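Now for the letters of each chain:
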Amino acid sequence: MKRTLIALVAILALAAAPAAFAQETRWVNVNVSETSSGTNVEVHLPLDLVLTVLRNVDVENFHGGQVDLELDDTDINWPEIMKAVKDAPDGKFVTVTSNEANVNVRKEGGTLYVDVEEKSEDMAKVQVTMPMAMMDALTPGEGNTIDVAALLSSFDKLPDGELVRVTSNDANVRVWIE
Amino acid sequence: MSGQRGVSTLGAVLLAGTAGLLTATLLMDWMVVDVHVVDETPVHIKVPFPLVIADMATGLIPEEALREAKIPPEAKAQKELVLAAVRALADCPDAQLVKVRTEDASVDIIKDGDTLRIAVDADDAVVRCNIPIDGVAEALEEWDWETADPKMLFDVLRAADNGELVTVATDDGVRVAITMW
Chain A
1 MKRTLIALVA
11 ILALAAAPAA
21 FAQETRWVNV
31 NVSETSSGTN
41 VEVHLPLDLV
51 LTVLRNVDVE
61 NFHGGQVDLE
71 LDDTDINWPE
81 IMKAVKDAPD
91 GKFVTVTSNE
101 ANVNVRKEGG
111 TLYVDVEEKS
121 EDMAKVQVTM
131 PMAMMDALTP
141 GEGNTIDVAA
151 LLSSFDKLPD
161 GELVRVTSND
171 ANVRVWIE
Chain B
1 MSGQRGVSTL
11 GAVLLAGTAG
21 LLTATLLMDW
31 MVVDVHVVDE
41 TPVHIKVPFP
51 LVIADMATGL
61 IPEEALREAK
71 IPPEAKAQKE
81 LVLAAVRALA
91 DCPDAQLVKV
101 RTEDASVDII
111 KDGDTLRIAV
121 DADDAVVRCN
131 IPIDGVAEAL
141 EEWDWETADP
151 KMLFDVLRAA
161 DNGELVTVAT
171 DDGVRVAITM
181 W
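One line per chain: the protein sequences are A and B, in this order. First residue of the first sequence: 1, per our numbering; consecutive thereafter. First residue of the second sequence: 1, per our numbering; consecutive thereafter.
Treat each hint with caution, since some may be false.
[As the list claims (entries may be wrong)] Away from chain B, derived, C-beta distances all over 10 Å, residues of chain A: (1) Val-53; (2) Thr-97; (3) Ser-120; (4) Thr-167.
[What the hints assert, rightly or not] Using C-beta positions, here's what the derived DEER-type ranges look like: (5) A:Glu-178 to B:Asp-134: 22 to 30 Å; (6) A:Lys-157 to B:Arg-117: 41 to 49 Å; (7) B:Val-127 to A:Ala-84: 32 to 40 Å; (8) A:Val-128 to B:Arg-117: 33 to 41 Å; (9) A:Asn-40 to B:Pro-93: 17 to 25 Å; (10) A:Glu-178 to B:Asp-121: 23 to 31 Å; (11) B:Met-28 to A:Asn-169: 57 to 65 Å; (12) A:Ser-168 to B:Ala-77: 32 to 40 Å.
In short, the hints are calculated from the structure, not lab data. These numbers were taken from a predicted model, which means no experiment stands behind them. Virtual Cβ for every residue (Gly too), placed ideally from N, Cα, C.
Start from the sequences and build out the full structure, keeping to the hints where you can.
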């Protein structure tokens with residue numbers, strides 16, 4: 001009886017192993033719709049494919065997945081700033097109200113939300129959702145470079161959801177991960 | 001009696017030859033180019049083309065002519081990027097990757113197994129293209145990225161599934177189809 005039970009458990013464990021180790025494909029989605037022309041573009045790409053391409057791009061200011069910000073003259077301690085943001089408790093960080101636009105930066109449940117609302121011209125509304133897992137990757141490195149590939153790799157750890165939404169009179173843009 | 005045996009031997013040889021030819025024909029990859037023009041003077045041309053002949057024909061192209069057909073060095077600089085992208089595409093799961101809708105055209109790019117299906121529906125033309133991803137990857141890996149190599153094209157064609165590879169239909173009545181068989 002005991003031997004049968006052990007064999008049954010072993011079979012169940014073997015059957016469950018592939019499911020446990022199977023890596024689910026993450027998808028990067030971009031949707032751009034232009035109101036005036038009725039144009040709609042939907043891009044649905046596996047994160048691995050995007051990463052592979054990014055890591056192999058070798059053009060000016062963009063090498064091996066890293067973009068050079070050319071911030072040589074500035075003296076900003078990015079790691080310190082990013083750490084401060086990561087460690088900060090939830091709450092409203094920035095609120096700007098003006099005739100041109102409203103800006104709101106807040107942290108909720110470990111996620112940073114940036115909302116910008118334009119009050120003239122295109123009446124654009126930008127909403128950026130930035131989970132803390134993305135903050136490390138966003139920190140510029142020693143050569144003032146941002147590792148875009150690492151930033152995208154961090155998407156792998158994120159739950160499904162929207163990262164960027166831009167709505168305006170002219171066009172709407174949505175970037176989300178699933 | 002010996003005359004009867006001679007006839008039967010000849011018959012057997014002919015039969016074996018026909019069977020061999022038929023088998024070789026069936027085993028060979030064929031490309032069929034079908035051009036159909038529908039206007040006042042309709043034209044329909046259908047050219048079946050065994051790829052093995054194409055291979056032999058490319059071998060006859062003078063090397064000098066191929067040397068002159070130089071590919072810009074910028075292409076070779078992007079070799080790794082292109083190869084990595086094609087390999088990643090081959091490995092990714094099936095899905096609709098791109099969907100574009102405008103007032104006068106629509107574009108769909110779908111990964112379906114080893115095939116990348118591209119469909120363009122414009123006001124003046126409809127294009128369908130089925131690209132064998134593995135075939136493209138292998139051909140690009142073998143290519144020197146310096147000279148135009150017609151053999152590469154036939155390697156891609158050979159890797160394609162049987163069926164329509166490319167169809168182009170224009171609004172002025174021209175239909176071109178390249179079918180693999």
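Verification of the hints:
1. Here A:Val-53 does not stay apart from chain B, with its beta-carbon only about 5 Å from theirs, under the 10 Å limit.
2. Even its closest Cβ contact with chain B, about 38 Å, leaves A:Thr-97 beyond 10 Å, as expected for a residue assigned away from the interface.
3. In this structure A:Ser-120 is separated from chain B by more than 10 Å, as the shortest Cβ-Cβ distance comes to about 29 Å.
4. At the 10 Å boundary, the C-beta of A:Thr-167 stays outside the reach of chain B, the nearest C-beta of that chain being 19 Å off.
5. The hinted range of 22 to 30 Å is satisfied by A:Glu-178 and B:Asp-134, whose Cβ atoms lie roughly 27 Å apart.
6. Between A:Lys-157 and B:Arg-117 the CB atoms are about 32 Å apart, so this pair departs from the stated range of 41 to 49 Å.
7. Checked against the hint of 32 to 40 Å, the C-beta distance between B:Val-127 and A:Ala-84 comes to roughly 54 Å, which is inconsistent with it.
8. Judged by the Cβ atoms, the range 33 to 41 Å given for A:Val-128 and B:Arg-117 holds: they are separated by roughly 34 Å.
9. The supplied range of 17 to 25 Å is met by A:Asn-40 and B:Pro-93, whose beta-carbon atoms lie about 23 Å from each other.
10. Distance hint check for A:Glu-178 and B:Asp-121: the Cβ-Cβ separation is about 27 Å, which falls inside the suggested range of 23 to 31 Å.
11. For the pair B:Met-28 and A:Asn-169, the beta carbons lie near 60 Å from each other, so the given range of 57 to 65 Å is met.
12. Take A:Ser-168 and B:Ala-77: their Cβ atoms lie about 38 Å apart, and the range 32 to 40 Å holds.
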